[in-house]
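Student: Those protein sequences? They're chains A and B, same order as listed. Residue numbers for the first sequence follow this note's numbering, beginning at -7 and rising by one. Residue numbers for the second sequence follow this note's numbering, beginning at 1400 and rising by one.
Hints listed in this document are in silico derivations from the structure and should not be mistaken for laboratory results. Computed from a predicted model, the values in this text were never measured in an experiment. Take the hints with a grain of salt, since some may be wrong.
When the alpha-carbon atoms are kept at most 27 Å apart in a straight line, the in silico BS3-like pairs for lysine-lysine are as follows [stated by the list, open to error]:
#, chain 1, residue 1, chain 2, residue 2
1, A, Lys50, B, Lys1441
2, B, Lys1456, B, Lys1477
3, A, Lys106, B, Lys1441
4, B, Lys1456, B, Lys1441
5, A, Lys61, A, Lys106
6, B, Lys1441, A, Lys61
7, B, Lys1456, A, Lys41
8, A, Lys63, A, Lys41
9, B, Lys1482, B, Lys1456
10, A, Lys61, A, Lys50
11, A, Lys41, A, Lys61
12, A, Lys63, B, Lys1441
13, B, Lys1441, A, Lys53
14, B, Lys1441, B, Lys1482
15, A, Lys50, A, Lys63
16, B, Lys1441, A, Lys41
17, B, Lys1441, B, Lys1477
18, A, Lys53, A, Lys63
19, A, Lys106, A, Lys50
20, A, Lys53, A, Lys41
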Amino acid sequence: AQSVSQHNHHVILSEAASLELGCNYSYGGTVNLFWYVQYPGQHLQLLLKYFSGDPLVKGIKGFEAEFIKSKFSFNLRKPSVQWSDTAEYFCAVNGPNNAGNMLTFGGGTRLMVKP
Amino acid sequence: EPEVTQTPSHQVTQMGQEVILRCVPISNHLYFYWYRQILGQKVEFLVSFYNNEISEKSEIFDDQFSVERPDGSNFTLKIRSTKLEDSAMYFCASRTQTGSKNIQYFGAGTRLSVL
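The shape of chain A in the complex, shown without the other chains (with noise of 0.2 Å):
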C-alpha cells in the first residue's frame, strides 16, 4: 500500500524567509505527486503536479518541486514565502494500478508566516 510521510506538522517563518517542506512516499511504482493547498476557509487547491518528464516542477504562486526518484521525495520549496502564503500543505500520491485513482495524502504541514 502507497504511504505518504510530511516531516513538518508546524512551520513558522518570517516574510522573505525560504521555504522547504518535505515529502516522502512509499510506493515502488511510477507514481503521480501532487502538492495541495489549502487557505483557511478554503477548498483545498492544487499547487503543482509531477507525472513525468523534468523532475523540477513549477507550480502557482511561485512555488516549486522537486521529485528525486532515488529518495521517493517530492519536497515543496518557495525561495521567498509572503504573508498570503499562510496555509496548510498536503503532498498526495496516486500510482497508476487502482481503477479509481484515489489519491493518498500526508499528515500535512501548518505554515505560518509571520507579517
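Take the given structure of chain A and dock chain B to it, following the hints.
Tutor: Using the frame of chain A, we list chain B on its own:
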C-alpha cells in the same frame, strides 16, 4: 473557475442519527470521490464513484456509509447511524475522465460534529 461545492459547511448531529452530506461536482466531471480528515490526522480516501457505481472504496467505508448521485448534479454521502468517531472534515472531489493523470478538484469540506 468552476468549483466543487459542498453543503453544509458544518453539520452537528446526535450519535445514532443519519446524516447526508451534499456535493455538487464540476459539471463535466465523471469521477467523484469522498475523503475525510479526522482532526489532527491525515486526509483519508473513502470512496470513488464512476458511471453510477462505486469503483473503489477503503476499509473505512463500511455498511454505515453509502453514496448516491440522485440527479445529474448532486453527489451525496450518507452515514446511516453516526458514531462519535465519524466526527471529521469530509471532502468531496471530482475529476474529468479516466486515466491516472487527471487532477482531482476538491470542495471546501463539511465539518461533521457528532455529539
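Student: All hints, please: hold or fail.
Tutor: These are the hints, each one checked on the structure:
no.	hint	in the structure
1	A:Lys50 to B:Lys1441	holds (25 Å)
2	B:Lys1456 to B:Lys1477	holds (14 Å)
3	A:Lys106 to B:Lys1441	holds (25 Å)
4	B:Lys1456 to B:Lys1441	holds (17 Å)
5	A:Lys61 to A:Lys106	violated (33 Å)
6	B:Lys1441 to A:Lys61	holds (23 Å)
7	B:Lys1456 to A:Lys41	holds (24 Å)
8	A:Lys63 to A:Lys41	holds (18 Å)
9	B:Lys1482 to B:Lys1456	holds (19 Å)
10	A:Lys61 to A:Lys50	holds (17 Å)
11	A:Lys41 to A:Lys61	holds (15 Å)
12	A:Lys63 to B:Lys1441	holds (22 Å)
13	B:Lys1441 to A:Lys53	holds (25 Å)
14	B:Lys1441 to B:Lys1482	holds (19 Å)
15	A:Lys50 to A:Lys63	holds (20 Å)
16	B:Lys1441 to A:Lys41	holds (19 Å)
17	B:Lys1441 to B:Lys1477	holds (21 Å)
18	A:Lys53 to A:Lys63	holds (26 Å)
19	A:Lys106 to A:Lys50	holds (24 Å)
20	A:Lys53 to A:Lys41	holds (14 Å)
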